[in-house]
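Add chain B to chain A, keeping to what the hints say.
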Amino acid sequence: MAKDPVLVVLFLRGGADGLNLIAPSGDSDYIAARPSSLRVVRKGDDAGHVLSHQAADVDFRFHAQAGGLSELFQAKELAVIHAAGLTDGTRSHFDAEDRMERAAKGATAGGWLGRWLKDADPGGELPALAVGTSAPESTRGASNVAVAEELEQLIIAAGHDLAPLLRDRLNSGFGNHDLLGAPVKRLISLSRSLQARLTNPATGEFGPYRPAVGYPQDNELSGPLMTVAQAIKLDLGLRVATVDFGGWDTHMDQMGAFADQTATLSNALMSFWRDLGNAREQTCVIVMSEFGRRLRSNTSGGTDHGFGNAMLVLGGTVAGGRMLGDWPGLANDALDDRADLAITTDYRHVLGELMARHMRVKDTNFLFPDFQVQTRGLFT
Amino acid sequence: MITRRDFHTGLATMALASLAGVKLSVARETREDDLFLNRLTFGANAANRKEFSRLGMRGWVEQQLAMPAQDQALADRLGKVRLLIEYEKGRTEEGKPWAALSEYRSLGYLGKDPAEMLHLLDFDEPLDFSERDRPAYEVIVASLVRAVHAPAQLREVMTQFWHEHFSVNSTKDEVTAVFFPSYDRIIRKHAFGNFRTLLGEVAKSPAMLAYLNNDTSRASPANENYARELLELHTLGQDNYFNDLYDNWKTVPGALDGMARGYIDQDVYEVARAFSGWSIGDGRELDDGSYAPQTGRFHYIDRWHDPYQKRILGIEFPTNSAPMADGNRVLDMLAAHPGTADFIAAKMLRCLGIETPGQSYHQHVADVFHSQRNAPDQIAQTLRAIIFHDEFTATSPGKMRRPFEFLAAIYRAAETEVSPRTDAFQWMLQQAGWRQHQVNPPTGHSEHSVDWANTAALNGMIRVALESHSEWFEAEAGSLRTPPKGVNNFGGLASHWEHRMNAPTGALDGVFEAFEVEPDTPLWDGEDLEWVSNGMIAVLAVTPDFMFR
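Protein chains in written order, with our numbering: chain A, 1 to 380; chain B, 1 to 549.
Some clues are possibly wrong.
Derived lysine-lysine pairs resembling DSSO-like cross-links, with alpha carbons at most 30 Å apart [claimed, not checked]: (1) B:Lys-50 / B:Lys-250; (2) B:Lys-347 / A:Lys-105; (3) A:Lys-105 / A:Lys-362; (4) A:Lys-233 / A:Lys-118; (5) A:Lys-105 / B:Lys-250; (6) A:Lys-76 / A:Lys-3.
These are calculated hints, taken from the structure and not from any lab test.
Here chain A stands alone, though its shape is the one from the complex (with noise of 0.2 Å):
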């Protein structure tokens, strides 16, 4: 029997540029508007990675600390969506991460994926994860999310010999809670559940989490990875996963600061996706942030706020290998308000075919009200 889908959402908060991750390299508008220092070049050491031959004429390229990318690009199990995004004229961080998260105007409740768990109530120990310490507004409606950094902080006072008090107060102190209530009760259930599969009947303590491949050490994004491979492999009826990545928001010194990140998204990435071994097949993640960056610099060796951006879908099923969705040129004109990169793909379209093809929701007018998905090509 085939195993239920999963969803991963990963949040790059911050703005993150795409057009230093992946871009027409060898563009004359994109080389006229930055310094080497924050694009994608073609020659030396950082000499970025090939996308593909076809679209060579201006050369699109992922950054040179992007490899991880661009080997699930070339196995076919990446596809970037390049010119895409929040199409209302926001570019505060906040506003924009709360639209695109919400993904509804006016009196529509809660986010985009806290209307689907509400809807399809998907059941399970753990049908849904916000790894963090913070649920995202994406998943807000929702009263089966659980918020964790690391599964074992699911454990009531793990370890502490007053857990067993600290449990039973909990259970008969809240009753329905407005605010708490749900949080109480999923606590105690995931609390007893965890506890079991996590402790080494042996000797009691709680085993680490064994992935079974190597992850970057010193690197942010492993631990919130390794968190979801677990609860994916760990069959407690996990469906939707979010990981927030800070750390985008490159108004100064942006060259370092963004290879790093890059790197970091890149390598735990790859490390996840090998981790997963067969539940590759069940699981998509999604690669999304609230904005692109200003095609032109700033004079701080950064960039400011811009618009359109890319999106990354990696997936055992994703047609990959392929750049989706139309390419405007940054061309003085082609620009959003003469500045940035214009959008061409609106970001519902995207998740909307995931939530469609991947999570196989009939009918995405709910999660998306007045918005008519049209699907890119994603699944082929």
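Below, chain B alone, put in the same frame as chain A:
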């Protein structure tokens, strides 16, 4: 004393019952003093309940508003803190060595002039990075001591509020770290004062200038980071960002009649230009090979400034204005803007526990903030408008204590002497999602309860409660190891903590088994007693009664 007014009307009681569910606050009334004290301090305790009852509500609030930013007893207490600093030996790039170190050191940077700390920014000096960011950690540790022990509690609550409003990650780099003690002093000093004054001090503070990159902003294109957050987070707020509605300044309502009602990206670009050249006098090398002066203060670099005409919120700025005039004028406009008053009023209400104020309550607070914009005590007047309003008392406790507030409230209720020797408490708070003075994005922590009502924050707070008095936590000085006066058995100990934590009598019934004692078992002392007391405190802390204010 004011009366309880409509707090106990049927409607309020019903709301309370549905909130509390089973058997919680329905049977229990929130004491009126605690309703105020839990919102206006880091937690009610025996001492401030006594003060509150002696002075009456208004008298107590006025006493709090009159307390100065400096307090000798608190300064003495902070002077006794010894915080660990520890590192391995190492070398600079030029090979100058430093020795390994492990010592408990006083908080010497708290009152220090940053001009005397600039050597921490000099990478030719042989210093481990722990020396360079030490000033930030001193403020972080001091903030817990202040939250627990400061007599001027309301000032401390508002200091935390403004820190969150003008959030700076103190350990973003060595520059924010070195300037963080002076930043903390600015905020505490003006916590009850005038918003425009505070805004101006923040705009010129090296910590904020470095955090949001304005220190490197010059024409042209200027760095927009500070400009955007000034509008979105510090003054007008996200609700007054109209970029999705208008793409030309002329079309923004009000723009042709003296002042636009909100802002669009074109305003952000122009504000960034207005602040180009606002930098830091920290001796840094400038682009032309000269050096900034070593003042440890704001430094304006005129040749970095974009001097040409600007148009902001529909208002024309002439070319070649006097030094800093463009930026100062922007701050004047924003501080006086009604949109700022709306935004700050809602945030202050939320901070004090009113998450969903009625429209007229919110409007009243915003009106006071706006009409008193030139008053030196504008913020204090706004606080009075919030606290002395009927709706303040009529709103039942529904605001969740956030992890730092929760920890401080535990220590206050337990009357624990807090004197951290390490920053272990900070690490523990992080498990619950709190990073005191170390939040990366400029939004600070969420003020909304709904963002904290999740498994991670909940389990993290349980952990915080359980570890708050454990030895490794090193935040307190063993005050639970001696039996409380007049208590000689565990039943008495349970009553003692029920009283201190303001829990109902009998709340600890049934816990004795977990400690393997009977109520009439004679009391132990030392670490064993500490373990039981801490366990009892944790059980009482992890309840809706204690977690909501």
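Here is what the structure says about each hint:
no., hint, result
1, B:Lys-50 / B:Lys-250, "violated, 58 Å"
2, B:Lys-347 / A:Lys-105, "holds, 24 Å"
3, A:Lys-105 / A:Lys-362, "holds, 22 Å"
4, A:Lys-233 / A:Lys-118, "holds, 24 Å"
5, A:Lys-105 / B:Lys-250, "holds, 26 Å"
6, A:Lys-76 / A:Lys-3, "holds, 22 Å"
Checked against the numbered hints above, the structure breaks only hint 1 and satisfies the rest.
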